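In case you want the letters, here they are:
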Amino acid sequence: MSGPGWKWRKMEPPDLPAFIRIDDECYHARERLSKGGFKASETNQLIDNLKKDPSTRGTPQWKWKQKAIRQFASELADVFNETQQYLVSAIPTSTVKSDPTYDSRLDDALSLLVRARPLITIDCPLQFLASHTPQHRRDDRMSPQEIYELLEWTGFAAPPGSLIVLIDDVITCGAHFKACKRMILDHHPTLRVIGAFWAKTIWTAPPAA
Amino acid sequence: MREMDLPFQNVVSPWREMWSWETLWSVRNQTQKSLAELFRAAAFPSEVLDRAKSEQLFGILELEIVVEEFLRAIRETFSVCVRNTFHYPVRLRDVTYPVELFYYRGDIGLLESRCVSIVGSRECTEAGKRRARRLARELSKNDYTIVSGLAAGIDTAAMTAAIETGGRTIGVIGTPITRVFPKENADLQESVATDHLLVSHVPFHRYAHDYWKNRRLYFPQRNETMAALSLATVIIEASETSGTHSQARACMQAGRKLFILNSCFERDGIKWPHLYEEQGAIRVRDIDDVLTALKDSKDVGSRLEVAEDGAA
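Quick mapping for you: the protein sequence lines, in order, are chains X and E.
Letter by letter, the first sequence follows residues 0 to 208 of numbering that gives the first Met the number 0.
Letter by letter, the second sequence follows residues 0 to 311 of numbering that gives the first Met the number 0.
A couple of the hints might just be wrong.
[What the hints assert, rightly or not] No more than 25 Å apart at the CA atoms, straight line, and that leaves these computed lysine to any residue pairs for SDA-like: (1) Lys140(E) x Lys51(X); (2) Lys38(X) x Met251(E); (3) Lys34(X) x Glu189(E); (4) Lys34(X) x Lys270(E); (5) Lys140(E) x Ser33(X); (6) Lys270(E) x Asp295(E); (7) Lys34(X) x Asn9(E); (8) Lys34(X) x Met251(E); (9) Lys51(X) x Glu81(X); (10) Lys66(X) x Glu137(E).
[As the list claims (entries may be wrong)] Facing chain E, according to a computed beta carbon distance under 10 Å, are these residues of chain X, among others: (11) Trp5; (12) Lys6; (13) Arg8; (14) Thr42; (15) Gln83; (16) Ser103; (17) Ala129; (18) Ser130; (19) Pro133; (20) Gly154; (21) Pro158; (22) Leu162; (23) Val169; (24) Ile193; (25) Thr203.
Note that these hints are calculated values from the structure, not bench results.
Bear in mind the structure is a predicted one, so any value in this text is a computation, not a measurement.
Using N, Cα and C, we set each Cβ at its ideal position, and we do this for glycine too.
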């Protein structure tokens, strides 16, 4: 269910993604079912629409992607306090920004978020050195260590306060979050790094035929 | 973990909601009805508990510490679903005393599927078990999830048949999720929890400290939960005094379809099927009648229909 009065959940045992520990402080709104594709649930459909390939621009599918981005931004805005300042960063995607196939869905959602919560500052202090195969298209998932080694520190535009929120659309095992958190703490050991994810993947039985 | 400085608004900690809910349940003489009163003005157990604490009601401060300590040892063996968070099925609100929170193990995604309850007596006939098995098989083949109570008799027959057919099943139990009743069903319950979905609303602390006779009071609410989760309930067999009647009443109240097998009407000295039929229950002579009636019925909170142009 979703709607007014509806809340996000703190990730706690036994429902923590593989690489996430309770002190990692991660939150999520929805749950995406691992099996059954876009038909399995409303969230599966939203995530599928959100991740539509940038090459669908100009096709009838594009409006569904835009709609999903708007809903993502609107549900994100629910958890940010209007009167509080936040430093927010998107978790870098596997495709680098200079790549022509780069999908700006997270940047677009964060721009909409800032419109609704003007006290939010967006600043991403890290990026990937080069594009790589995303986790969901690999046979073996990359570990936080492997991802960490692909990251490059670019630094903050302005000195950060005491808290940074890392945002991604889906968390499955949490390897990207852990790698980014580690690199941020390398440079700012006292910063509180927390995660906010629109959907957490949950492992489900396949629907009957 | 206890004192949480949440950086966000509109977030809940399932663990905090769980100990709050359990603390409220453990207040002396608390009933489903008195709990429901407390939840009229608040949506979350932690809000109700905070209010009770600020008013220093029921010696609640001491109770909260005891309950939290009690729960700490078991808390990581199951998950918690809280009202007003994702996956809490809105359709649970359709009964008189809805649960604000429930515990589960297994695939919570099954709540998105179309569910049908198959219920009946623990002490049932062989013919009853055969009917339950056949119905469970047919419904499974037609993509329905079988909801049942993991009791002996009809429940066991229906759930076992659903699993054997390769279907899905949800077990809703009237004991804490860490307990098994009856013991013979330990393996079945574990298999439901591992490969399907096991649900319990029963509060651990209260249950452990309740007089044993009071523990049976959780069964009617379990049946209400099953009725609310399901599009429809099918009663295979039941005596005049069976617990199945609480599910039949909940179905009527929640506006769910209630099917009663014809064989129930034909048993000597049994009046209840006629009473429910007068209230709108459907007498079914054949399993196909159930399937046909279900196809015509409106989906209640079940898997959403995906618009073609919204598809990936």
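Now the hints, each set against the structure:
The suggested pairing of Lys140(E) with Lys51(X) is violated, with an alpha-carbon distance near 33 Å, which exceeds 25 Å. Restraint check for Lys38(X) and Met251(E): not satisfied, since their Cα atoms lie roughly 31 Å apart, outside the 25 Å limit. At most 25 Å may separate the alpha-carbon atoms for a hinted pair to count; Lys34(X) and Glu189(E) meet this at roughly 22 Å. The hinted pair formed by Lys34(X) and Lys270(E) fails the criterion: a straight-line CA distance of about 46 Å is larger than 25 Å.
For the given pair, Lys140(E) sits about 22 Å from Ser33(X) by alpha-carbon distance, which is consistent with the 25 Å threshold. Pair hint Lys270(E) plus Asp295(E) does not hold up; C-alpha atoms about 28 Å apart against a cutoff of 25 Å. For the hint linking Lys34(X) to Asn9(E), the alpha-carbon distance of about 29 Å lies beyond 25 Å, and the restraint is violated. Pair hint Lys34(X) plus Met251(E) does not hold up; C-alpha atoms about 34 Å apart against a cutoff of 25 Å.
For the hint pairing Lys51(X) with Glu81(X), the CA-to-CA distance comes to about 31 Å; that exceeds 25 Å, so the pair is violated. Taken as a hint, the Lys66(X) and Glu137(E) pair is broken in the structure, with Cα atoms around 39 Å apart against an allowance of 25 Å. Below 10 Å, beta-carbon pairs count as interface contacts, and Trp5(X) has one with chain E at about 5 Å; its hint therefore holds. Interface hint at Lys6(X): satisfied, since its Cβ lies 5 Å from the closest Cβ of chain E, which is below the 10 Å cut-off.
A cut of 10 Å between beta carbons decides the hint on Arg8(X): the least distance to chain E is about 5 Å, and the hint holds. The restraint placing Thr42(X) at the interface with chain E holds, with a minimum CB-CB distance near 8 Å, inside the 10 Å limit. Given hint, Gln83(X) at the interface with chain E, holds; its Cβ is 8 Å from that chain's nearest Cβ, closer than 10 Å. For Ser103(X), the shortest C-beta to C-beta distance to chain E is roughly 19 Å, which exceeds 10 Å, and the interface hint is violated.
Taking 10 Å as the C-beta contact cut-off toward chain E, the hint placing Ala129(X) at the interface is violated, the least distance being around 28 Å. Evaluation of the Ser130(X) hint against chain E yields a violated restraint, the C-beta minimum of about 23 Å exceeding 10 Å. A cut of 10 Å between beta carbons decides the hint on Pro133(X): the least distance to chain E is about 16 Å, and the hint is violated. Restraint check, Gly154(X) versus chain E: the minimum CB separation of about 23 Å is more than 10 Å; hint violated.
A distance limit of 10 Å between C-beta atoms decides the matter here; for Pro158(X) the minimum to chain E is near 19 Å, and the interface restraint is violated. For Leu162(X), the interface hint holds, since its Cβ comes within 10 Å of a Cβ in chain E; the closest pair sits about 6 Å apart. Residue-level restraint check for Val169(X) is violated (minimum Cβ-Cβ distance to chain E is 14 Å; threshold 10 Å). Proximity of Ile193(X) to chain E holds as hinted, the smallest CB-CB distance being about 6 Å (cut-off 10 Å).
Checking Thr203(X) against chain E: minimum C-beta separation of about 4 Å stays under 10 Å; hint holds.
In terms of the numbered hints stated before, the structure departs from hints 1, 2, 4, 6, 7, 8, 9, 10, 16, 17, 18, 19, 20, 21 and 23, listed from lowest to highest.
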